[in-house]
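Q: Residue numbers (my numbering), protein chains in the order written: chain A, 1 to 104; chain B, 1001 to 1187.
Hints in this document: simulated from the structure, not taken from any laboratory.
Certain hints may be false.
What the hints assert, rightly or not - Below, computed lysine-lysine pairings styled on DSS-like, alpha-carbon distance capped at 25 Å: (1) B:K1036 <-> A:K61; (2) A:K6 <-> A:K72; (3) A:K76 <-> A:K48; (4) A:K61 <-> A:K89; (5) B:K1171 <-> A:K69; (6) A:K61 <-> A:K76; (7) A:K61 <-> B:K1179; (8) A:K48 <-> A:K6; (9) A:K48 <-> A:K72; (10) B:K1004 <-> A:K27; (11) B:K1164 <-> B:K1008; (12) B:K1036 <-> B:K1004; (13) A:K48 <-> A:K61; (14) A:K27 <-> A:K89; (15) A:K69 <-> A:K89; (16) B:K1036 <-> B:K1003; (17) B:K1164 <-> B:K1004; (18) A:K27 <-> A:K6; (19) B:K1179 <-> A:K48; (20) A:K48 <-> A:K27; (21) B:K1011 <-> A:K48; (22) A:K6 <-> A:K89; (23) A:K27 <-> A:K7; (24) A:K27 <-> A:K69; (25) A:K27 <-> B:K1003; (26) A:K61 <-> A:K7; (27) B:K1179 <-> A:K27; (28) A:K72 <-> B:K1003; (29) A:K7 <-> A:K48; (30) B:K1164 <-> B:K1179; (31) B:K1179 <-> A:K69; (32) B:K1164 <-> A:K69; (33) B:K1003 <-> A:K69; (34) A:K6 <-> A:K61; (35) B:K1008 <-> A:K48; (36) A:K61 <-> A:K27; (37) B:K1008 <-> A:K72; (38) A:K61 <-> A:K72.
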Amino acid sequence: MDIQLKKGLLDVCVLSVLRDGESYGYKIIADVAPYIEISESTLYPILKRLESAAYVTTHGKAINGRLRKYYKITQKGLERIHEFIEDVKEFERIYNFIFRGEQK
Amino acid sequence: MTKKQWFKQLKRELGALSASDRNEILQYYDELYNEKRESGLTEEAVLGSFGAPQEAARGILAERDLPAASAREHRSVASFLAILFLFLCIGIPILSVLFALAITAGALVVSGAAIFLAGIADGVWFCILLFRDTPVATLAHIGIGLAGAGCGLLMIPLFAVCTKWMLALCKKSLLFTGKLLTGKRSM
C-alpha cells in the first residue's frame, strides 16, 4: 500500500479506536493490529501527530504503581473521522470510474 | 540484548532530539515494555517485537526529518584531523603533566614509607643507647624518631590517594580522547 495513504489510514484507525473510549499505547496497538499493520515505532509518530493536531488529548494515570498514558479523542478528532468518511465516499466514485475503465 | 542495553541504544540513536522529546519516547517504550511483560511475554520476546533500537528510532526520527545517530554521516577527515591535532597539542601535554604528578605522588608514598622506617629505626637505636647511659639528649632523639615515623605514616595514605586519583584522571582523558577519535562521542 502507498505509504502516504497508509499513514492517513492509520491516523483515522487510531482515532476510531479512541471513539469507543480513551485508551493507551498497548491497547491501541492490539485493537488496530487485526485491521492494518501497526507496530510500536509506527504508533508513536501517529500519536504525536494526532496530539499536535489537537485530535486527541493525553493524561497520565497510575496503574499498578506505574504511569500509563491515556489518549482521549476530542471533538476535532471526531470531526476528522467524519471528514474521512466523506473523503472515502468521494474516493469510491473515483474508484468506480477507474474500475469501469479497466473492465472495458 | 537486555532491556537496559536496548533502551541505552535507543537513547543513543535519539541523540538528535531534545532531552524532553527523548525522555517522552523512552517513557512510551518503557510503558509498552511493562504492559507486554505483564501480558506474559519474556524480556527477549518483548524486545524482539520492538525490533532493533536503530529501527525504532528511524521510524520516529523520519517523522521529524532527522537522521538516526547510526545513519549519520561518518566523521569527516577534516574533523578527525582537527581532533587529532587538539589531542597532540593539548591532550598529550595534559596527560604528561597528570602522569608526572601521579609518579611524583607515587614517589612520595615510597618516601613516606622510608621516613616511617627510618623514624622507627632511629627510635629503636636510641632506646638501646638509653639503657647504656641516660642523657636527656638520647630521650629527645627517641621523640624525634617517633615523630618522624608518625609523619611518614601520614604521608602514605595521603599520597596513595593522590596517585590513584591522578592515574584515574589519565585513564579517563585517554578514554575520552579515544571516543572522540573514533567518533563515538561528539564535542
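Q: For the pair supplied as a hint, K1011 of chain B and K48 of chain A, is the alpha-carbon distance within the 25 Å limit?
A: holds (18 Å)
Q: Between the alpha carbons of K1008 of chain B and K72 of chain A, is the straight-line distance 25 Å or under?
A: violated (30 Å)
Q: Please work out if K48 of chain A and K72 of chain A have their alpha carbons no farther apart than 25 Å.
A: Given pair K48 of chain A, K72 of chain A holds - Cα atoms ~13 Å apart, limit 25 Å.
Q: So if I understand the rule, the pair passes when the alpha-carbon distance is 25 Å or less; does K27 of chain A with K1003 of chain B pass?
A: Answer holds: K27 of chain A to K1003 of chain B is near 21 Å, not above 25 Å.
Q: Just to be careful, I want the Cα atoms of K48 of chain A and K27 of chain A compared with a cutoff of 25 Å; is the pair within it?
A: holds (17 Å)
Q: Below or equal to 25 Å on CA atoms is what counts here, so check K69 of chain A against K89 of chain A.
A: violated (34 Å)
Q: Does the alpha-carbon distance linking K1003 of chain B and K69 of chain A stay inside the 25 Å limit?
A: Status holds; Cα separation ~21 Å.
Q: Please work out if K1164 of chain B and K1008 of chain B have their alpha carbons no farther apart than 25 Å.
A: violated (30 Å)
Q: Measure nothing beyond the straight line between the CA atoms of K61 of chain A and K89 of chain A; if it is 25 Å or shorter, mark the hint as holding.
A: The given pair, whose Cα atoms are some 38 Å apart, is violated under the 25 Å limit.
Q: For a C-alpha distance cap of 25 Å, please report whether K6 of chain A and K89 of chain A respect it.
A: With Cα atoms ~17 Å apart, K6 of chain A and K89 of chain A stay inside 25 Å; holds.
Q: For the pair we were handed, K48 of chain A and K61 of chain A, check the Cα-Cα distance against 25 Å.
A: holds (18 Å)
Q: Would the hint linking K27 of chain A and K69 of chain A be met if the CA-CA limit is 25 Å?
A: holds (11 Å)
Hints 4, 5, 7, 11, 14, 15, 17, 19, 26, 27, 28, 31, 32, 34, 37 from the earlier list are contradicted by this structure; the remaining hints agree with it.
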